[in-house]
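**Q** Protein chains in written order, with the working numbering: chain A, 18 to 560; chain B, 176 to 321.
Don't take each hint at face value.
Claimed, not checked - What follows is a list of derived Cβ distance ranges for each label pair:
1) A:P477 with B:G199: 26 to 32 Å
2) B:L293 with A:P472: 37 to 43 Å
3) B:F268 with A:K424: 43 to 49 Å
4) B:G199 with A:E514: 29 to 35 Å
5) B:S213 with A:F484: 50 to 56 Å
6) A:M235 with B:G284: 27 to 33 Å
7) B:G199 with A:A454: 22 to 28 Å
8) B:S202 with A:I210: 33 to 39 Å
9) B:G280 with A:M235: 54 to 60 Å
10) B:G284 with A:R250: 25 to 31 Å
11) B:G199 with A:E261: 55 to 61 Å
Rather than coming from a laboratory, the hints here were simulated on the basis of the structure. Backbone N, C-alpha and C fix where the C-beta goes; we use that ideal spot for every residue, glycine too.
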Amino acid sequence: MDTSKYKALYLQETSEHLAGIEKGLLDLEKGAQDDQTVDHLFRHYHSIKGMSASMGYEPIQKLAHAQEDLLDRIRQKRMACRPGITAVLFQCLDGLKTLVRQVEDGAPLDADVAHFAAMIKEIIEAPAVAAEPAPDKTAPAAPSAPQTGIPELKLSHVMKVEGRVFDELLATVGDLVMALSTFKTISHSSRSIEFREGTYKLGKYINAIHHSILSARMLPIEDLTEGLPRLVRDMSHRSGKEVELRITGSDLRLDRSTLEGLGGPLVHIIRNCVDHGIEPVEVRVRNGKPKAGVITINAFRKKDRVVIEVADDGAGINVSKIRERAKASGVPAEKLNAMDDKEALMLVCLPGVTSTDAVTETSGRGVGMDVVKAAVEGLGGSLVIASTPGAGVRLSMEMPITTSIIKALIVNEGPEQFLIALSRIERVVEVHKGEIANGWYATGTSRIPVLPLGPTLGMPDAGEREFYSLIIIHAHGVTDDTGGDAAGIRVDAFSDEIDAYIRPLQPPISRLWGVSGIAVMGDGRTVFLLDVSQIGTKVKAWS
Amino acid sequence: MNADKLVLGLAGLKLAIETTEVAGIVSVQHPTYLPHQSGFVSGLISLRGEPVTVVDVRKAFKLQDAGSGHMIVVVRDSKRTLGLDAGGAETSFLWAEELKKCIIGGDGGAFTKGTLTLDHDSYVLIDWRALFDEAARLLTTDETRV
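Only chain B is shown next, with the shape it has when bound in the complex (with noise of 0.2 Å):
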């Protein structure tokens, strides 16, 4: 929790995200059209030649068009890499010297992992594992399961 973090500021939401799991970002015109993508899936690009899925964070968390252009923030564990797409957001960071004086809070809703306060501003962790998992799920249907 107490891990340096990158801000995305999307209409007057604070998501916050390990800088340690950020691999790169990347601004694309439009992300390569999935087969079949539907929910918050929004297409597929490249990072230092590997191929990244990309989520739309805007519909991911039900926010209002957050400024045009694909900002992708790519995260990325030991096993899975995502790219997440945060359209305009305006990035920012908080150090690990602030967050030891910020408030721990509980449930921040759907694929978060909790929220910080800090001086009346609350962030929202960003739960990237949990969009992997539901993309995953959106691109499976039923013709690929027979």
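Isolated chain A (complex conformation) (with noise of 0.2 Å):
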């Protein structure tokens, strides 16, 4: 296994035990020969020993086991804490601060461990009323030490900052980038050669500053994985069924508060897929499928954003149940006729429609996906379901890599100012009036269907224009001419294309229809970014 990347881990958690070795050793020494304190003690070579053999540091791992070893006799009052031991703990402390300093270097691991293991056995194997042994000259001393004898202060190179520190100083960064955009903008129009220089060094540091600090954000997505083998063995013990978890693309990296806020949907996808996808397994078995039942978690990227897919190898949804529990929880009629499958499928997502009937003690009753469609939204992400009768159910959760700093397109729409993620559009094209055709847009050998942006987020009518700018994208759900799932987004026109630093939307407007975040300009204006996946949905309707 490689340990490697645990190695800034494992460094930063071993310094904190070796302080609180170095601490309570002094405590010892001046007489506090409490069982919390030897407690304490023991505790910390204890963690430094099982970390070490994880990681693979064998010498460690022996040296901080024969110290354990003597505290864990003085612990149960097989031996007692005599002066003079503490000397040789404190030898053997230094010792192991040699070899973690090794491990932090790079360096082998190469202090003479057998000569501490033997200092501590003498010491083990002495009679009580024996003299107290004295510190051993001959002990190796750490290769770093000084050669004055004072011993060196040195921090570690792993610094332990909490979370929140970074989100202030991505927001603080996020402001200097919108605050940078209007000196852009200004900048085109001004003739000062240093003002459009001092402008660009000072883009270019802000982006330094902000690629740091999205790298430090990143974390792998195996982090919100790892506990699920056991969270799956558990739940298909309980339950009775065979079920088998494979997780690949794990290794890909996702901002903090990303993965933060996917810890409780991917919980609970699971528990559906294990309590009501996979089948027991008779069924799986009257049904010629494996005995195990399999779930998949295959997360990729896709342009600059990750696709975290769940999928199981179940029964599906019966969507037809799904249209009924719908219809009985108030879903106009007209409303779920007008509905095809894969839009019905996502009525899964209403507060209480379940398709199934049996209620278990962790799923079943209709509750959470609602709360997972809203907390994947809620990050900027996208959810989709899709579902084969008898082969399983896929769910597709579609998130930004970082949810902060984006380039967007602003565009115009009456008096109004958005946002268009660039990483969303195709292409961007200028269109007389005359050439947009009962909602559809001839462009060389096909037609693409066109959604007016305005009508579409419910503005009043400006009126209408000679010409327009249609932005064109990739829409879920729609098709052009060609088969292909291009559609365009008619506005006023487009203007400049900027990083916008985006907040996500907070009550009372968390769940406004169309958009994902806002940005709050340099000037103090807000401008909402687009939400391209939701307003493609409307894209087939409109057409």
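Work from the hints to combine the two standalone chains into their complex.
**A** Take a look at the structure:
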């Protein structure tokens, strides 16, 4: 197993335990031989031993074990904490520090551990009445200790910083980016070369800070998924089903806040898969399926986003039942009739709507998928559900890699401005009003459906224009003339391309339709980021 | 009830808000449009870099238009922030000393916490949290639920 990625964490935690040991030994030497002091010391050694064993640092493990053994005897009152023992333990502690420093420097672990172990063995085996052992002058000195004999005060290369600090740093850089956008706009029309150069340099430095902060915030998806095998094991034991969990792509990294927000949804989806997706063994065998059901979590990059797919090979979702339950919960029949099966599947995200008849202690009450969808969308992502009867369900969560600063195009509609993420735009074209007929725009040999932004967002009619800008996007569920998924969003005009710091939507606007975030511009104006996926769902109906 | 109040004079009605809940007062040309905004929700502004949803007090209390412009009083507690668009309202204060002489009344109508009477003048205490909750309801469409 490659443990190198855990080295920073190991060093950070070990340095905390070493500091704890030093304090404990000092207390012990001052006469604090109470159970709590000895117990704490024992735990510090024990933790270092365990972590070092996991990382494969055998000399550290052995040395920590020898000291832990000595402390255990004192803890269990099998030997008294005689004066002089602490002096030996201090020497051994220096040995531990030396080894840990070698780990930090990437040097071979070559300190003489056998010598320290022998010193401890001598103490353990010495008769209780024997004279206290003198500190061993021949014990190997820490190689990096200064020759003057004054111990070196050295801080760890690894710092423990609260996540909140990075949140605040990112927010501050976000505000800087928005202020920079104003400078950039002014610099376009400025004749001052100094001002243009200054703006360019400022942008370069802000970008550098932004990337540093982002990289510090990125965590691998496996940090989120590492607890899932145990969850699946426990659930399958409880349900009597056989379930295998396969995870791929978990080395992809996402922003910490996004990963944190996906924890609850992921657990909920997995519970649904085990409880309601995967069939009992006898049913699977009867249907010609392998006894063990498979849940697959697959993460992969899609442009500037990461898709996390959770799929099972279970029974799938009964769409007819979903329609019935949605009708019973108050969704109008005409609305249900207008939905195709793909749209109807999303009704499981309505509160209280579930396809299952069985309620388990963890799922089946129709509570949860609404929360999953809200959580995913609240993080700037989108949720798509696909189901094949008898073959299983696939839930795709398409998430932004970072939730903060994106490249966006400003578009104008009436007196308002909106942002569209550049990553979602295929191209932009200027068109005459006559080129859009009955909601379709002819482009070369094909036609694509067109959606006017203003009416879609419920804006007051601003009157017809001679020319419009068409923002060509790819939308789920849309089919253009050539079978592709291109669609156009019609806006009055487009203007600058900017780096925009996107904030999440907070109540009371957290459930606004058609937008997924907001930017506060350098001059204080607020501009919404359009939710292209959500708007895309309207294209079909409009055209 | 006895804490200092900011008073907004609008079309003959005097609306009072706790001054401790006022985070700032800003004037804007027009708040940013909110998709599918309806009822008394009038848009979005920013205060010190933070987005703030704005409700039109004149519409919420069914008052005749009180002048042009958008003077927005931003109120805040630990969980919520809301902008109260008071148009061209006149502002004054009711100080704690004066409030001791006030007669406290009960129901002041929707989105109110009660009334105060001082020297024959009546003041309605705004329940801005109720306005906030109603704004959240107005801004949630069927489609964002599904």
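**Q** Run every hint past the structure and note whether it holds.
**A** Results for each hint:
1. A C-beta distance of roughly 29 Å is found between P477 (chain A) and G199 (chain B), which places it inside the suggested range of 26 to 32 Å.
2. Separated by about 49 Å at the C-beta atoms, L293 (chain B) and P472 (chain A) break the suggested range of 37 to 43 Å.
3. In this structure, F268 (chain B) and K424 (chain A) meet the distance hint of 43 to 49 Å, their C-beta atoms being roughly 47 Å apart.
4. For G199 (chain B) paired with E514 (chain A), a C-beta distance near 32 Å keeps the hint of 29 to 35 Å intact.
5. Here the CB-CB span from S213 (chain B) to F484 (chain A) is close to 31 Å, at odds with the stated 50 to 56 Å.
6. A hinted range of 27 to 33 Å for the beta carbons of M235 (chain A) and G284 (chain B) is inconsistent with their spacing of about 52 Å.
7. At roughly 50 Å, the beta carbons of G199 (chain B) and A454 (chain A) sit outside the given window of 22 to 28 Å.
8. A hinted range of 33 to 39 Å holds for the C-beta pair S202 (chain B) and I210 (chain A), which are about 37 Å apart.
9. Between G280 (chain B) and M235 (chain A) the Cβ separation comes to about 57 Å, which falls inside the hinted range of 54 to 60 Å.
10. A beta carbon spacing of about 59 Å between G284 (chain B) and R250 (chain A) contradicts the range 25 to 31 Å that was offered as a hint.
11. Between G199 (chain B) and E261 (chain A), the C-beta spacing of about 57 Å keeps the proposed range 55 to 61 Å intact.
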